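Chemist: Given chain A, put chain B in place with the hints provided.
Residue numbers (our numbering), protein chains in the order written: chain A, 1 to 238; chain B, 239 to 557.
Bear in mind the hints are in silico, worked out from the structure with no lab data behind them. You may find that some hints are simply not true.
Below, in silico cross-link-like pairs of lysine to aspartate or glutamate (EDC-like), each with a Cα-Cα straight-line distance of 20 Å or less [as the list claims (entries may be wrong)]:
1) K139/A / D88/A
2) K508/B / D326/B
3) K247/B / E157/A
4) K247/B / D470/B
5) K139/A / E186/A
6) K85/A / D301/B
7) K144/A / D113/A
8) K85/A / D470/B
9) K220/A / E190/A
10) K147/A / D470/B
11) K220/A / E178/A
12) K83/A / E67/A
13) K147/A / E190/A
14) K144/A / E157/A
15) K247/B / E14/A
Sample of chain B residues with no beta-carbon within 12 Å of chain A, all distances over it, derived [unchecked claim]:
16) Q263
17) R304
18) F319
19) R358
20) L370
21) P556
Pulled from the structure, derived: some chain B residues nowhere near chain A, Cβ distances all over 12 Å [what the hints assert, rightly or not]:
22) K247
23) Q249
24) R260
25) E399
26) L419
Computed from a predicted model, the values in this text were never measured in an experiment. Think of the CB as a built atom: it goes at the ideal place given N, C-alpha and C, for glycine as much as any other residue.
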Amino acid sequence: MPLLAAVAQTHDTEPMIRFDNVAKRYATGHEGLSGVDLHLEPGEMAFLTGHSGAGKSTLLRLIGLLERATRGQVWVNGRNLNKLKARDIPYHRREVGMIFQDHRLLHDRTVFDNIALPLVVAGMGHAEINRRVRAALDKVSLLKKEKVYPITLSGGEQQRVGIARALVSKPPVLLADEPTGNLDPELSREIMELFVQFNQVGVTLLIATHDVDLINSFDKRIINLRNGRVAADSAETE
Amino acid sequence: MARTPKPPKFQRNRNPVTWALRHAQMSLSSLGRLSRSPISTLMTAAVIGIALAMPSGLHLLVDNVRQLSSSWDGSASVSLFLNEDVSDEQAEAVRRQVALRPDVAETRLIDRTQALEEFRGLSGFGQAIELLDQNPLPAVVVVRPRADVQGAAAVSRMAQELQTYREIELAQVDLQWVERLSAITGTIERGVVILAVLLSGAVLLIVGNTIRLEIQGRHSEIEIVKLVGGTDAFIRRPFLYEGIWYGLLGAAIALSLVLSSLYLLDGPVKHLAGLYESQFSLAVIDPLSLFGMVFGGPLLGLAGAWLAVSRHLADIQPE
Numbered sequence: 001m002p003l004l005a006a007v008a009q010t011h012d013t014e015p016m017i018r019f020d021n022v023a024k025r026y027a028t029g030h031e032g033l034s035g036v037d038l039h040l041e042p043g044e045m046a047f048l049t050g051h052s053g054a055g056k057s058t059l060l061r062l063i064g065l066l067e068r069a070t071r072g073q074v075w076v077n078g079r080n081l082n083k084l085k086a087r088d089i090p091y092h093r094r095e096v097g098m099i100f101q102d103h104r105l106l107h108d109r110t111v112f113d114n115i116a117l118p119l120v121v122a123g124m125g126h127a128e129i130n131r132r133v134r135a136a137l138d139k140v141s142l143l144k145k146e147k148v149y150p151i152t153l154s155g156g157e158q159q160r161v162g163i164a165r166a167l168v169s170k171p172p173v174l175l176a177d178e179p180t181g182n183l184d185p186e187l188s189r190e191i192m193e194l195f196v197q198f199n200q201v202g203v204t205l206l207i208a209t210h211d212v213d214l215i216n217s218f219d220k221r222i223i224n225l226r227n228g229r230v231a232a233d234s235a236e237t238e
Numbered sequence: 239m240a241r242t243p244k245p246p247k248f249q250r251n252r253n254p255v256t257w258a259l260r261h262a263q264m265s266l267s268s269l270g271r272l273s274r275s276p277i278s279t280l281m282t283a284a285v286i287g288i289a290l291a292m293p294s295g296l297h298l299l300v301d302n303v304r305q306l307s308s309s310w311d312g313s314a315s316v317s318l319f320l321n322e323d324v325s326d327e328q329a330e331a332v333r334r335q336v337a338l339r340p341d342v343a344e345t346r347l348i349d350r351t352q353a354l355e356e357f358r359g360l361s362g363f364g365q366a367i368e369l370l371d372q373n374p375l376p377a378v379v380v381v382r383p384r385a386d387v388q389g390a391a392a393v394s395r396m397a398q399e400l401q402t403y404r405e406i407e408l409a410q411v412d413l414q415w416v417e418r419l420s421a422i423t424g425t426i427e428r429g430v431v432i433l434a435v436l437l438s439g440a441v442l443l444i445v446g447n448t449i450r451l452e453i454q455g456r457h458s459e460i461e462i463v464k465l466v467g468g469t470d471a472f473i474r475r476p477f478l479y480e481g482i483w484y485g486l487l488g489a490a491i492a493l494s495l496v497l498s499s500l501y502l503l504d505g506p507v508k509h510l511a512g513l514y515e516s517q518f519s520l521a522v523i524d525p526l527s528l529f530g531m532v533f534g535g536p537l538l539g540l541a542g543a544w545l546a547v548s549r550h551l552a553d554i555q556p557e
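The shape of chain B in the complex, shown without the other chains:
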């Protein structure tokens, strides 16, 4: 029986220009397909957008709090609460003595009268104060360490030394709450990472499920394309591009959500900062969040689409 020595090879298109052109066409036609059902497309994209916006927004919030606390970190101070029986003259003497220390940059005395005035002004307990027959507040010397006294440990060592003064009842490091805040933000930050991972998984499943439904809806089309010689890559392509578009749309929605939240919060935050005599204002979106949304969105979309396509496309075979 006669046989051909070798079967002819199939011709495959390996021209990169044609290949790129086909991809460009396919991505546009996928976008066109999505735009033909705008409501459902937007709804899916909005879910993705919210899922992406949540970790980004939280991250931004934590970032802002951290910036706020770091700006306070530099001005860590020690408050020396003097014994009640120390007179104003003695208090001034304590202040001068402390000011002589080499690690002290600045000292300020708040005597008992001033302390009372300040308390009356800020606490809102003015009338209650009137009822007391004597001033319950101690005099305070506020000490700002020199810039080279860095970190909580050094400042609290300094506070311990000052504590030994006879006139000083209590040396309080005002850094502690800053440290606690930083620990809290650290915890929240970790939570944000966990949330980001969970919500990324959610985006993956949302896109995957949307593409799965899309594959089911185009069952007969896929069958016919396979019948006339469409490769798996050809059939896969529009769905993968749809996934990317969903991710990109979701990222755009997430970005606008975060930016509009920042805009809405800006006024109240400025007002709040004004009450604390601070110049603080919300930072604009940070590069990491921006990168995460703009690249993470499409990437998750692509991954979700790939998940659906690899699971469901092989099931469809022409009859």
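Bound conformation, chain A alone:
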């Protein structure tokens, strides 16, 4: 059984991610997003570009409910996030795998334990955890590193651990915020190709990056943000 099969229980007509006129204003008065409309179909893969401060991270953070929109509505996997209660946020996050530039790994735990964390949190049994973590490690080609600590790994390997952790629970949505930010071009391409593989088995991906050269070499949708608004969207110009 492929690792990422049977994800994304889709709801025929509903996009996986939908932004309706979404704005995010911070307490400082800074407007992270202003009036964003966006649809991502189930199984779609898109790159999010724009200069720093354009609102890429804010957009991803709204999807993962690290923040809530101040105006408009965000829908993910058929749920209106505005109406999601605080106690449901953990369950929502289990459906959204998140990958960060700084990996966010636990340095006092082995690679295996880091990747197992989402499954442990979800209360999965030992045998199932073992099986799934090994499969995820295999996906990111780190099977031999399961017992080591993240600090002994290279930046690219640490990022792959972060990716394995995000996909191990088979979430229908994967978000990545500058996943190749600190990597050389060759490693960056490897990581991106990994994402394309996940997309081929039905995961919806949204990847924020400013590496325009790299993403232009992939035939995927590119959404360009400028000053908190969608400035260009390759899906609409086609």
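Modeler: Relative to chain A, chain B alone:
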């Protein structure tokens, strides 16, 4: 615009077996975490132990004194000090007369010579006594009331009646000091309750502060667990178990402190009791103290941890 009629419900684990298993795992892993820093764990537990041992030990002490005084309570007696001019024969006559009373169980005459001998033997003033040209001590009739004369009031009424005898200078109820002792122990007992409440508060704060520091130290871990979908209950759990373990360890330390104090005091107390020709020995730990330590400790630990967790966990949100 098309909409799904109802968003799918989130799946929550409601299997009690899995739930119990997870709790068992969590409690063991919390214990494991504590055992990885044994010195600081023991220091915290020792503070809790001392705080728990103090009221328990004091309670035990008061309890013992009370048992001692109640064993004397039954043998309350009235000492009749006779006038100095009463001869030994007249004293014996007084004794016989008193012995006829229906409420008297037993009488014993200590005549002036015997009183002097006793005084010389016990007081240590033997040589000073030699210097006196006459015996300053009166004869005493010791009266033990019948068992049905109960309580201080009845005994002192009896003493008042005996006081009316011409030969009797003073009828002294030997119960008074027992009553005073009982009043003193009552006061101390109340003090112990206050102390127990204060020290329970201290245990609460100690555990609360320890857990607070622990939460701060694991800030990034909590953040990441929230990021991958850990519920508040999941994040709370290890800290609550740590609180319980601290309390349990503290209770064990308190128990061993109290027991070793009892062991250390046992010899001297036996010696002291021997001097008073008493069979008294320290009682072992009472059920209330035992219960208070074994259950109160973990409960206070849990409460302290809860205090810290409910205050500080919500502050940590993933960035």
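Chemist: Are the Cα atoms of K85/A and D301/B separated by 20 Å or less?
Modeler: It is violated: about 55 Å lies between the C-alpha atoms, which goes past 20 Å.
Chemist: Closest CB-CB distance from P556/B to chain A, is it above 12 Å?
Modeler: Since the minimum Cβ distance to chain A is about 6 Å, P556/B lies within 12 Å and the statement is violated.
Chemist: What's the verdict on K247/B and D470/B, does the C-alpha distance respect the 20 Å limit or exceed it?
Modeler: Roughly 19 Å separates the two Cα atoms, so the pair holds.
Chemist: CA of K220/A to CA of E178/A, is that 20 Å or under?
Modeler: holds, 17 Å
Chemist: Does E186/A lie within 20 Å of K139/A when you go C-alpha to C-alpha?
Modeler: Roughly 18 Å between the alpha carbons, so the hint for K139/A and E186/A holds.
Chemist: Would the hint linking K247/B and E14/A be met if the CA-CA limit is 20 Å?
Modeler: holds, 16 Å
Chemist: Taking the closest pair, is the beta carbon of L370/B still more than 12 Å from chain A?
Modeler: holds, 85 Å
Chemist: Regarding the assertion that R358/B does not contact chain A, is the least Cβ-Cβ distance greater than 12 Å?
Modeler: holds, 79 Å
Chemist: Given the hinted pair K144/A and D113/A, is their Cα-Cα distance within 20 Å?
Modeler: holds, 14 Å
Chemist: Is the Cα-Cα distance between K508/B and D326/B 20 Å or less?
Modeler: Measuring from Cα to Cα gives roughly 38 Å; hence the hint is violated.
Chemist: Please work out if K85/A and D470/B have their alpha carbons no farther apart than 20 Å.
Modeler: This hinted pair holds, its Cα atoms lying about 13 Å apart.
Chemist: Checking the smallest CB distance to chain A, is R260/B really beyond 12 Å?
Modeler: violated, 6 Å
Checked against the numbered hints above, the structure breaks hints 1, 2, 3, 6, 10, 13, 16, 21, 22, 23, 24 and satisfies the rest.
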